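**Q** Taken in order, these protein sequences are the chains called A and B.
The first sequence begins at 1 in our numbering and counts up by one.
The second sequence begins at 473 in our numbering and counts up by one.
Bear in mind the hints are in silico, worked out from the structure with no lab data behind them.
Keep in mind it's a predicted model, so treat the numbers as computed, not measured.
All C-beta atoms in this analysis are idealised placements derived from N, C-alpha and C, irrespective of residue type, glycine included.
Keep in mind that a hint or two might mislead.
Stated by the list, open to error - Calculated cross-link-like contacts (lysine-lysine; reagent style DSS-like; alpha-carbon spacing at most 25 Å):
#, chain 1, residue 1, chain 2, residue 2
1, A, K288, B, K543
2, A, K373, A, K99
3, B, K475, A, K463
4, A, K325, A, K454
5, A, K222, A, K99
6, A, K288, A, K262
7, A, K262, A, K454
8, B, K543, A, K466
9, A, K466, B, K633
10, B, K486, B, K475
11, A, K155, A, K174
12, A, K373, A, K363
13, A, K454, B, K543
14, B, K539, A, K262
15, B, K486, A, K466
16, A, K288, B, K633
17, A, K386, A, K373
18, B, K543, A, K463
19, B, K486, A, K463
20, A, K454, B, K539
Claimed, not checked - Chain B side only, calculated, beta carbon under 8 Å to chain A, not exhaustive:
#, residue
21, F491
22, Q522
23, D523
24, I525
25, G619
26, S621
27, V629
28, S659
29, S661
30, A730
31, F731
32, F733
As the list claims (entries may be wrong) - If you want a taste of the chain A side facing chain B, the calculated C-beta under 8 Å gives, among others:
#, residue
33, T139
34, Q290
35, P421
36, A441
37, E444
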Amino acid sequence: MNRRKVISFGMAAVMTAGMLAGCGGTGTTATSSASGSTSSASKAGSYENAKVEINGMVAEDTDLTGEFTYWSAFTGDSQTWDQSRVDLFNELYADKGIKCNVQFVPDGAGVNNGKLLSAIAGGTGPDVFISDNPTSVYTYATNGSLEDLSEPLDKVGINLDDFFPGCKDVIYYKDTPYLIPQDANVIMLYYNPDIATEVGLDPDTPPTTLEELDQWADAMTKVDADGNYERFGLIPWLDSGNDAFVVPYIMGCDPYDAAANKLDLTSDTMVNYLEWVQSYAQKYNPEKIQSFTSGLGGMFSPDHAFMRGKVGMTITGNWFSNALKIYAPDVNYKVCAVPVPEGGRANSTTFGVNVFGIPTGAKNAELATLFIKFCLSSQVNDDNFKQWRSIPTSDAAFDDVSLTKEGDEMYALEREIANSPENGIPALCSVSAELSTSFQAFRESVIYSNADIKAGLQELQDKFQKQLDAEN
Amino acid sequence: MKKRKMNLKRTEFKHAMLFISPWIFGVIVFTLYPILSSLYYSFCEYKVVQDPIFVGLQNYKDLFADKTFLKALYNTGYMILIGVPITTFTAIWVSILLNNKKLKYTGVFRIMFFIPTLIPTVVACLLWVWMLQPDSGIINRLLGAFGISGPGWISSVTWSKPAFILIMIWTCGNAIIIYLAGLQDISDSLYEAAALDGAGFFRQTISITIPLLKSTILYNVVTLIIGVFQWFAEPYIITSGGPDNSTMFYALYLYQNAFQFFKMGYASAMAWVLLIIAMAIILVLFKVFKFNEVDS
Numbered sequence: 001m002n003r004r005k006v007i008s009f010g011m012a013a014v015m016t017a018g019m020l021a022g023c024g025g026t027g028t029t030a031t032s033s034a035s036g037s038t039s040s041a042s043k044a045g046s047y048e049n050a051k052v053e054i055n056g057m058v059a060e061d062t063d064l065t066g067e068f069t070y071w072s073a074f075t076g077d078s079q080t081w082d083q084s085r086v087d088l089f090n091e092l093y094a095d096k097g098i099k100c101n102v103q104f105v106p107d108g109a110g111v112n113n114g115k116l117l118s119a120i121a122g123g124t125g126p127d128v129f130i131s132d133n134p135t136s137v138y139t140y141a142t143n144g145s146l147e148d149l150s151e152p153l154d155k156v157g158i159n160l161d162d163f164f165p166g167c168k169d170v171i172y173y174k175d176t177p178y179l180i181p182q183d184a185n186v187i188m189l190y191y192n193p194d195i196a197t198e199v200g201l202d203p204d205t206p207p208t209t210l211e212e213l214d215q216w217a218d219a220m221t222k223v224d225a226d227g228n229y230e231r232f233g234l235i236p237w238l239d240s241g242n243d244a245f246v247v248p249y250i251m252g253c254d255p256y257d258a259a260a261n262k263l264d265l266t267s268d269t270m271v272n273y274l275e276w277v278q279s280y281a282q283k284y285n286p287e288k289i290q291s292f293t294s295g296l297g298g299m300f301s302p303d304h305a306f307m308r309g310k311v312g313m314t315i316t317g318n319w320f321s322n323a324l325k326i327y328a329p330d331v332n333y334k335v336c337a338v339p340v341p342e343g344g345r346a347n348s349t350t351f352g353v354n355v356f357g358i359p360t361g362a363k364n365a366e367l368a369t370l371f372i373k374f375c376l377s378s379q380v381n382d383d384n385f386k387q388w389r390s391i392p393t394s395d396a397a398f399d400d401v402s403l404t405k406e407g408d409e410m411y412a413l414e415r416e417i418a419n420s421p422e423n424g425i426p427a428l429c430s431v432s433a434e435l436s437t438s439f440q441a442f443r444e445s446v447i448y449s450n451a452d453i454k455a456g457l458q459e460l461q462d463k464f465q466k467q468l469d470a471e472n
Numbered sequence: 473m474k475k476r477k478m479n480l481k482r483t484e485f486k487h488a489m490l491f492i493s494p495w496i497f498g499v500i501v502f503t504l505y506p507i508l509s510s511l512y513y514s515f516c517e518y519k520v521v522q523d524p525i526f527v528g529l530q531n532y533k534d535l536f537a538d539k540t541f542l543k544a545l546y547n548t549g550y551m552i553l554i555g556v557p558i559t560t561f562t563a564i565w566v567s568i569l570l571n572n573k574k575l576k577y578t579g580v581f582r583i584m585f586f587i588p589t590l591i592p593t594v595v596a597c598l599l600w601v602w603m604l605q606p607d608s609g610i611i612n613r614l615l616g617a618f619g620i621s622g623p624g625w626i627s628s629v630t631w632s633k634p635a636f637i638l639i640m641i642w643t644c645g646n647a648i649i650i651y652l653a654g655l656q657d658i659s660d661s662l663y664e665a666a667a668l669d670g671a672g673f674f675r676q677t678i679s680i681t682i683p684l685l686k687s688t689i690l691y692n693v694v695t696l697i698i699g700v701f702q703w704f705a706e707p708y709i710i711t712s713g714g715p716d717n718s719t720m721f722y723a724l725y726l727y728q729n730a731f732q733f734f735k736m737g738y739a740s741a742m743a744w745v746l747l748i749i750a751m752a753i754i755l756v757l758f759k760v761f762k763f764n765e766v767d768s
């Protein structure tokens with residue numbers, strides 16, 4: 001008993017000495033707060049415990065120290081923003097000897113071209129990465145390429161219960177957290193109120209059902225005297241080229257049941273969705289549409305069909321607002337929830353997310369998790385939210401966002417949609433990358449080759465269910 | 473004396489081995505090992521981060537039940553059966569024209585045909601995307617000047633492959649240079665003799681030029697076919713295999729399986745099937761062109 005007391009006393013003395021040594025250091029920026037003075041045990045003299053405050057942000061109390069590598073998927077403006085975020089982190093934690101070394105790796109942080117997987121297999125992967133392709137990165141979680149984040153998240157105090165329930169589809173694989181969404185995006189219907197008014201529609205009462213959407217599309221479509229299209233109301237697949245199940249999910253499909261590990265690609269809702277897409281292809285001739293739109297630019301170019309007034313409506317994510325702001329500031333637009341058929345998920349969305357992951361064998365998983373926590377804060381993300389109109393991953397965090405404080409109408413709508421209990425991220429499974437690609441190819445064959453929908457879906461269902469069964 | 477010679481030979485052999493040992497090491501590690509391991513992986517389910525699981529011939533069985541694989545095979549076959557002959561025909565005729573001594577400024581024309589091969593692939597692809605635009609592209613505008621309504625090219629399931637044949641023809645400058653070298657090896661006396669016998673340009677081309685150019689044609693056709701099997705950058709950049717998989721070529725689908733779906737075993741099986749098909753086609757070509765007879 002006495003020996004225990006002696007050991008306890010000794011340990012307390014060592015801790016106190018350590019704390020005194022830490023507090024006695026010459027802090028640089030030095031807003032020593034109450035919590036700062038009760039900072040955790042440290043290796044005396046190895047770093048400062050005084051809290052550094054930059055732009056209202058304070059470094060976490062931590063024993064950790066060292067450098068870690070971060071692979072970022074961002075390019076262009078987003079790369080500049082991410083670099084500034086890393087710079088802020090490094091400045092904030094410089095006194096603690098913590099440094100993030102960022103590398104900008106195109107193609108989804110090497111997720112889309114196998115670079116990340118090769119690096120992980122070769123033991124040269126980063127400590128943390130962020131990817132804009134959750135569908136592909138989810139397969140990394142299923143094949144054992146990512147670290148279980150339960151413990152590191154607990155240590156830095158990230159509570160997964162705070163996230164929107166819809167985000168949890170991407171966070172967990174078999175009840176284990178592997179991926180952390182930094183932010184989320186909401187899918188909406190963008191429409192041009194000037195075109196609506198021109199054709200006698202009321203832009204203040206946008207379509208809410210699929211029938212109304214079709215009526216709006218027909219009304220907005222304009223044909224010249226020679227029978228050539230001058231404008232389309234809606235091209236359902238215009239901006240969903242790389243999104244396989246985004247619109248089907250909103251329209252009521254549940255392509256994959258994670259609990260049962262069962263695909264359901266042949267449901268009536270899925271058939272109805274593809275029949276709806278096919279009806280547009282048959283009505284307008286898909287090659288004519290493709291010819292018409294391929295001369296126009298992609299989403300981030302001033303030649304996008306919506307920006308040029310060649311299409312009256314398009315279904316896409318909130319990021320399109322930034323594209324409009326940059327490339328077509330004079331184009332008037334409004335947004336509403338995606339109209340759905342009966343049985344669809346009204347006023348809901350699939351969450352488009354940028355996700356953090358920590359590769360298996362990462363040397364500094366704890367530091368990486370600290371960085372993730374830093375990146376999740378609304379203060380850090382505020383510029384990101386302002387520019388892209390993306391949203392936080394929890395409702396509470398909305399209150400700290402400038403757009404909310406400024407009473408931005410569109411952002412309020414995004415928040416409302418984000419809170420729908422029916423939101424989710426569909427079809428994430430061990431074969432999601434291939435399933436997604438195959439479904440997109442099948443949708444193209446429905447559009448361009450008038451493929452048999454039921455037979456094609458059954459074929460996909462059989463092929464991928466077999467793979468899922470074999471892998472589990 | 474004999475023993476000394478033997479020792480000298482042995483020493484020379486040792487030195488020779490020492491000198492080529494880096495090459496031998498390189499071949500074993502960077503060529504032989506990957507070839508053999510890909511053969512082994514083709515019989516496995518292999519996802520890079522997990523150990524390979526032996527599945528026998530399953531990957532090969534799955535390949536021939538995979539509709540996208542069959543489509544990729546069809547698309548590649550289309551390019552070999554239609555694109556390669558058209559490109560070869562064009563390259564030969566351009567070379568014959570450029571070899572004509574009556575033609576002035578041949579040097580300028582030769583440079584004009586060769587320049588496209590010097591343009592980086594990505595730049596060339598983006599250039600073609602613009603040129604093939606249905607509404608604003610230069611090709612459809614030219615066709616429009618003749619009253620022809622141009623197709624959707626890369627936007628069209630029907631016209632996407634012919635669009636790639638156009639690109640293939642545009643980049644045949646290398647083949648033209650080789651054909652020109654072959655043409656310059658043909659003795660003028662043969663043409664003079666044929667002219668004395670009353671043979672015109674076409675007769676001379678068919679009876680003298682083409683037969684004597686056989687080995688050059690064989691070389692170019694074989695390299696072109698191998699190039700088609702390896703065709704990746706152009707479809708990846710221009711169409712990503714679409715629309716409706718109409719430009720999903722063999723190498724692109726192999727890449728997808730290996731680096732996007734991480735089915736390395738499946739992709740390895742594709743690589744071995746590719747090797748067998750390419751070898752079979754080339755052996756047939758050697759037979760058709762009577763390669764050995766030409767050489768003899």
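**Q** If a hint holds in the structure, say so; if it doesn't, say that too.
**A** So, going through the hints one by one against the coordinates:
1. A:K288 to B:K543: Judged against 25 Å, a Cα distance of about 24 Å means the pair holds.
2. A:K373 to A:K99: The given pair, whose Cα atoms are some 15 Å apart, holds under the 25 Å limit.
3. B:K475 to A:K463: Answer violated: B:K475 to A:K463 is near 71 Å, above 25 Å.
4. A:K325 to A:K454: violated (41 Å)
5. A:K222 to A:K99: Not OK: A:K222 and A:K99 at ~57 Å, beyond 25 Å, violated.
6. A:K288 to A:K262: Status violated; Cα separation ~38 Å.
7. A:K262 to A:K454: holds (18 Å)
8. B:K543 to A:K466: holds (21 Å)
9. A:K466 to B:K633: The hint is violated at about 33 Å.
10. B:K486 to B:K475: Holds, at roughly 16 Å.
11. A:K155 to A:K174: Roughly 21 Å between the alpha carbons, so the hint for A:K155 and A:K174 holds.
12. A:K373 to A:K363: Holds: A:K373 and A:K363 sit about 18 Å apart, inside 25 Å.
13. A:K454 to B:K543: Roughly 20 Å between the alpha carbons, so the hint for A:K454 and B:K543 holds.
14. B:K539 to A:K262: holds (23 Å)
15. B:K486 to A:K466: violated (57 Å)
16. A:K288 to B:K633: holds (18 Å)
17. A:K386 to A:K373: It holds: about 20 Å lies between the C-alpha atoms, which stays within 25 Å.
18. B:K543 to A:K463: holds (17 Å)
19. B:K486 to A:K463: Measuring from Cα to Cα gives roughly 57 Å; hence the hint is violated.
20. A:K454 to B:K539: With Cα atoms ~16 Å apart, A:K454 and B:K539 stay inside 25 Å; holds.
21. F491: violated (31 Å)
22. Q522: At 6 Å from the nearest chain A Cβ, B:Q522 passes the 8 Å test, so the hint holds.
23. D523: violated (11 Å)
24. I525: Nearest chain A Cβ about 10 Å off; hint violated.
25. G619: Where the cut-off is 8 Å and the nearest Cβ of chain A is about 15 Å from B:G619, the hint is violated.
26. S621: Result: violated, 10 Å to nearest chain A Cβ.
27. V629: holds (5 Å)
28. S659: violated (52 Å)
29. S661: violated (55 Å)
30. A730: Holds - the Cβ of B:A730 comes within 8 Å of chain A, reaching about 7 Å at its closest.
31. F731: At 3 Å from the nearest chain A Cβ, B:F731 passes the 8 Å test, so the hint holds.
32. F733: holds (4 Å)
33. T139: holds (7 Å)
34. Q290: Cβ of A:Q290 sits 4 Å from chain B, so the hint holds.
35. P421: violated (33 Å)
36. A441: Constraint on A:A441 satisfied, holds at 5 Å.
37. E444: Holds. Min distance 4 Å.
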